[in-house]
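*Asks:* All chains should be built: construct the whole structure from the sequences, respecting the hints.
Using the working numbering, the first residue of the sequence shown is number 1, and each one after it goes up by one.
Some hints could be false.
As the list claims (entries may be wrong) - Result set (SDA-like, lysine to any residue): computed pairs, CA atoms no more than 25 Å apart in a straight line:
1. LYS167 x ILE65
2. LYS142 x SER73
3. LYS167 x ILE57
4. LYS182 x VAL90
5. LYS182 x GLU169
6. LYS55 x GLU176
7. LYS142 x GLY152
8. LYS182 x ILE75
9. LYS88 x ASN137
10. LYS55 x SER78
11. LYS122 x GLN140
12. LYS55 x TYR67
13. LYS59 x GLN140
14. LYS174 x PRO188
15. LYS35 x ILE191
16. LYS112 x LEU42
Hint data in this document are derived by calculation from the structure and do not stem from the laboratory.
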Amino acid sequence: MDKKLVIILTLFLGLVVLLGIFIKTSANKETVAHKPQVGGFLIEFEDGTTEQEVKSILKNSNMPINYSIDYNSDIMSSRYYIVVNEDKIVNVRDELRKKENWTDPIFSDFKKGDYYIITVTKQAIQDENFLEIMEDNNLQVKKSVLCLVRFGDGSKDWILGKDYILKDEAVKIKNELEMNEKVLVVSPDYIEG
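*Replies:* The structure is reproduced here in structure tokens:
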């Protein structure tokens, strides 16, 4: 009878352990499914960044999974910007705002090292008053290079770690990439969870 009791207890404990593993696995799958997921990035590089430089920058980042690059993507219209030294930013901003609103409202300006990037509208680069302000301040309008980085093989069956990463990991990669002097802006591409 003692052997039967030991066998029954062993089977019971085995079932409890298996049930616990099953519940934990199900809970983890459900938790991952409801967290924000990133299927890639839209990365804006500075004017003149070559495809080889883009590949090198991405290769040297901590990208955790395979990805493809659409270099100089036409996924959105061209973006123009000016680079202004930190000591001139207030004057340039004031001049730009006096005449018209020539800045791009989506990413009007942001600090990068010792200078500011001011994104400008396509209409501005064709306006004589705007071009005069650029000349007076010895500034040049530049055109960013947009690259779409997609994770995985593009299949519709999204698999964590193969076709997408979680938001927390994407934020770390975004911050790392934006430390590179050639990278202007990194925008994660969120997918439904």
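*Asks:* A separate judgement is required for each hint: does it hold in the structure or not?
*Replies:* So, going through the hints one by one against the coordinates:
no., hint, in the structure
1, LYS167 x ILE65, "14 Å, holds"
2, LYS142 x SER73, "17 Å, holds"
3, LYS167 x ILE57, "21 Å, holds"
4, LYS182 x VAL90, "24 Å, holds"
5, LYS182 x GLU169, "21 Å, holds"
6, LYS55 x GLU176, "15 Å, holds"
7, LYS142 x GLY152, "32 Å, violated"
8, LYS182 x ILE75, "20 Å, holds"
9, LYS88 x ASN137, "9 Å, holds"
10, LYS55 x SER78, "20 Å, holds"
11, LYS122 x GLN140, "14 Å, holds"
12, LYS55 x TYR67, "11 Å, holds"
13, LYS59 x GLN140, "30 Å, violated"
14, LYS174 x PRO188, "8 Å, holds"
15, LYS35 x ILE191, "10 Å, holds"
16, LYS112 x LEU42, "18 Å, holds"
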